[in-house]
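Trainee: Since each chain comes alone in its own frame, lean on the hints to assemble the complex.
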Amino acid sequence: MEIVIYGIINSITLSLIAIGFTLVYGISRLPNFAHGAIYVVSGFMVWIFLNMLHLPYLLCILLSLIASGIIGGIIYQLALIRVRGMPISEIIASYAIGLAILEGLRWAGFKGLTYTLPSFLEGSVIILGVPVDFQRIFLVIIGVSIVLFLYLFTHKTKLGLALRGMAQDERAAMMLGIDSDLMAVISMALGSMLAGLAAIVLLPLGNIIVEAGYQILIQAIAVCIVGGLGSWVGAVLASFIIGFAQILTVAYIESHFQMVVALLAIILTLIFRPSGLFGMQKELEERV
Amino acid sequence: MKGSFRKERIDRGIKVRTEGIYAISSWREMGYLIIPRAMLIFGLLLSPVLIPSLYWQRVITYVCIYSLLAIGFDFLAHFVGLVSLGGAFFIGVGGYLGAYLNTYLNLPLYLTIPISSIVGAVICTLLLLPCLPLRGVYFAIITLMYPLIFMRLIEALDILGGTEGIFGVSSFPNQWVEQYFIILCTLFALFLLRRFVNIDVGLVFRAVKDNDQAVRASGINVTFVKATAVFIASLLGCLGGVTLVHIYMWAGMSLFALDFSIIPIAATVIGGGGTLVGAVIGTFILVPVSELLRELGTLRIVFYSLILTGFVIFKSEGIMNYAQRKYHQFERWVRV
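Chains as they are written, first to last, in the working numbering: chain A, 79 to 366; chain B, 880 to 1215.
It should be emphasised that the hints constitute simulated quantities derived from the structure, not laboratory data.
Where hints are given, some of them may not hold.
Across the chosen pairs, the derived CB separations fall in these ranges [what the hints assert, rightly or not]:
hint, chain 1, residue 1, chain 2, residue 2, range
1, A, M253, B, R1214, 47 to 57 Å
2, B, L1172, A, D259, 35 to 45 Å
3, B, R1214, A, G163, 45 to 55 Å
4, B, F1193, A, I349, 48 to 58 Å
5, A, P196, B, V1083, 54 to 64 Å
6, A, Y135, B, G1047, 37 to 47 Å
7, B, P993, A, P209, 52 to 62 Å
All C-beta atoms, glycine included, are put in the ideal place defined by N, C-alpha and C.
So that you can see chain B by itself, here it is in the shape it has in the complex (with noise of 0.2 Å):
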């Protein structure tokens, strides 16, 4: 009679030395915590060097856009609890804003970028504060309705350059700039929001996703939190959305178009919800192939919701979660 079997996940040896002062005995044990993370950095880094065609370069730079955008999902749905279905505001607002303080009243781009990172994420913030003290599906349905509302307004009021839009934004100045700037800045947005979310400010925003009761019974405003995290995340999309209106050198309606939406949205459920790095990951599998298959317009979009479809329902871990278990598990049967 041969007896059942269950699976069981045990935390390897490495794994459990690594949490602590240990990490440092050996080179093995600091080798098993630098090299996923080094490998991530210096990729990202090598990227522009070790890729010959200047077209293949700059998808790398839009990759990193897009980075940003899904970090941004990634953490305000994850660890905060609320589902931007609007990543193309946030790109649109910091893009139009960038491109106005550029061409009108003629700053130069080491001014717009910050300023209007910051400029519109408190506007984006401002905008969607109506929705932030309640809970359940208000947020996703506003963040929904603002690129399309704003869409028709700069085509129906033609404000902002109307459905021409707005020409003659300065450029980086050179191509090496713009691409170390953009992917710096998707290295420190995701190592930074990771830190943040495992200090004791970021537990308070993990609690407002499991608990908010708890959290506002502990004395602590709400809205606040959910505030701060917006700004942040929209901090990221504005960023995105300035340096791709000085990549482009022109801001238009596209910058509110769905592709900024769905894209993160999906990069992040494939790449893993819940780990940030995820997000990037996953935007460097969606970005390519989605300019691989850019001839074939707007089938894109479905083909991406399709694969959104089938990984939130299927396999709703992710690439990432799922790499993360085998590296830091194993697995054997035991006799039940």
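Next up, chain A with everything else stripped away, as it sits in the complex (with noise of 0.2 Å):
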């Protein structure tokens, strides 16, 4: 039972992890290697919020996922935007911003196991048997309002259906009359919010550290990989199956094998099936 319960819980954690690299990647066909930096860097932004300036909780989670989006928007408007379509650039120059920020933060000094944030409830239940605290159901509760709140957005609102018209046919979208370059801003903004609340409702279980940058980035693209770059149905289904083989290792194995199930997963995607289980690419494109 255990089991069962925390592999969901962890496979919500890593769908909220990835939604945001899979948004940027499906819709403007952009690796944002940054993520895992912007992840970081709005977790640090809600400390900073809360510890130096002393808002408001609520405020501070609002302003840091602004502030996210904003990153994620200038990181584009700035730098990307330019190497748009240069495959070898984008990689390099979203790796690099990613870099320089991670290690801009270490060099600042934050560093250590000092950096915590509160939870946003403190007290636990137990369901089934299993004790759970309410942070874990909080974020189950965000993760799958989040993906609902996604569905409808991208299949409801104007915007939305915009974004998924970039995805399907950038050309043929901006016949239409889209801004194919205000819609990646906006998918890289939305990315970068997503990467941010994902970090506002994480690391209230454990610190903040830099090199969550790094991990959450390699689960990101593992989840985005095995699920099929760029598909979200993709990445919900491969979180889950991710998510429980971690658990399944914590519990039967040992507790270090985490990231190996990721690249074993990668590893195994890419051989038996390159396009992931829900690629939205063509096996042509892919393959060669």
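Mentor: Below is the structure:
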């Protein structure tokens, strides 16, 4: 029972982490290697707002969500917009920006185990004989509602439909009067906000550390590749697969192998089904 | 009414002459061809003699190790179209293998270096093989992941010396052997690879970057070509790694450090991608600067990343492409 409940929680954690990355890649075909950096930055922003400016917690969360969205938009507008369509430069530029942010934070003294966020609500409940604290319940609620929200947003609103149009066929979308760069900025800002949200929900469970940026990026990428780059359904499904696999390895083998599970999942996917479970790309485009 | 002008760029006469048999018609033409190359070769060969301080001689050695990585990166990125974000992976595999062979199996230095370069390159190629049949960002992602995961595995499982590392690796007989070995390796790698990409085999590699469907239609196995390229690049990286281990006399988790991934990329972009020699020149600029900035700690990585982003976005041709253009061509204004 414990495995089932914590497996579900872990899976929803993974999908929260990955959904921002897959959103950006799905819409603008931009591998955002700065995803983990934005995650860490928004965690630290909440910490700064909370402990240095002494704002109320909810306000801190809102402010840092907005700020991380703006950071994502700025990264796109200042840097990535100039190298779009050049895969080598896109990868190098976004990776370098992410690295600059993370190592800059480390240099600025944000390291060690002293940075923690308070959880939303202390305490725990017992579900089917397993104690689960309120923060993890919040996590599940927020994760599920984010997925639902994104589904409604992309299927019902005009902006969401425009974003989906971009994802399906950029040229046709442009022909219909959808501003490609504007949509890409929006997708990047939205993706960064989702990374920020993941940070805000997840970080109260542990410390804010800079190294988390790399781990988050790896996990996000693993989920996205297994699910098929750019596919949201695939990402959610893949996070359940990887999430349960990780919990099972922790329970039966050893906790150090969590990262290896992610890597193995990627490699097996690339060997047997390169476009992922729900790949949006056609086989021929992916495989030479 | 003044007419408008545009800039015209024309090859110098001497450049055209030196492309054919007329290159040996006079000293001037021969000098035009030889001087830039000779400057690089003699500059590298004389640098240990000319630089008095022991510390900066050691820096030259590091420059050469980073150059090997950067040449590999440039080759993969601009001739085969694979972006490797994990130079540290090559260094780490080569280094740990060398340290293991040297301390546990007691192999001497002149055996560990070739064995661990080649075996390490085979290991790297096999580990990267699953993402080679695919296009797109997969290769970059996997190469980014491997060094991080290897680092965690070594830390978690406490294998290969764990967090302490492997001590007692034998050193080079003396400092001159060490320096000239790595300098000669760098020069050989540079000129061989330059030759390699310009002969028929190199044409296939470039074709994989530009139009892989055409390569496939020609009956050539694209995955095999890519695997060969990865083997070459990781051979250079592993060679750098095992040399580094013998210089440090120690192998540890810092072999998987980010510096080895980011400096070669930054050096290639700054020096000029697609020229191979640009990568070497880039490291000659970056590594000494990084030694000067040593006390700044991780701010150095921020500094590289920002320079890198700036160059990628605003000046993507890099120093060497610019210099070559100035050397081979002249510009003039013509009336339109």
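Trainee: What hints, given by number in increasing order, does this structure fail?
Mentor: The structure conflicts with hints 1, 3, 4, 6, although it agrees with all the remaining ones.
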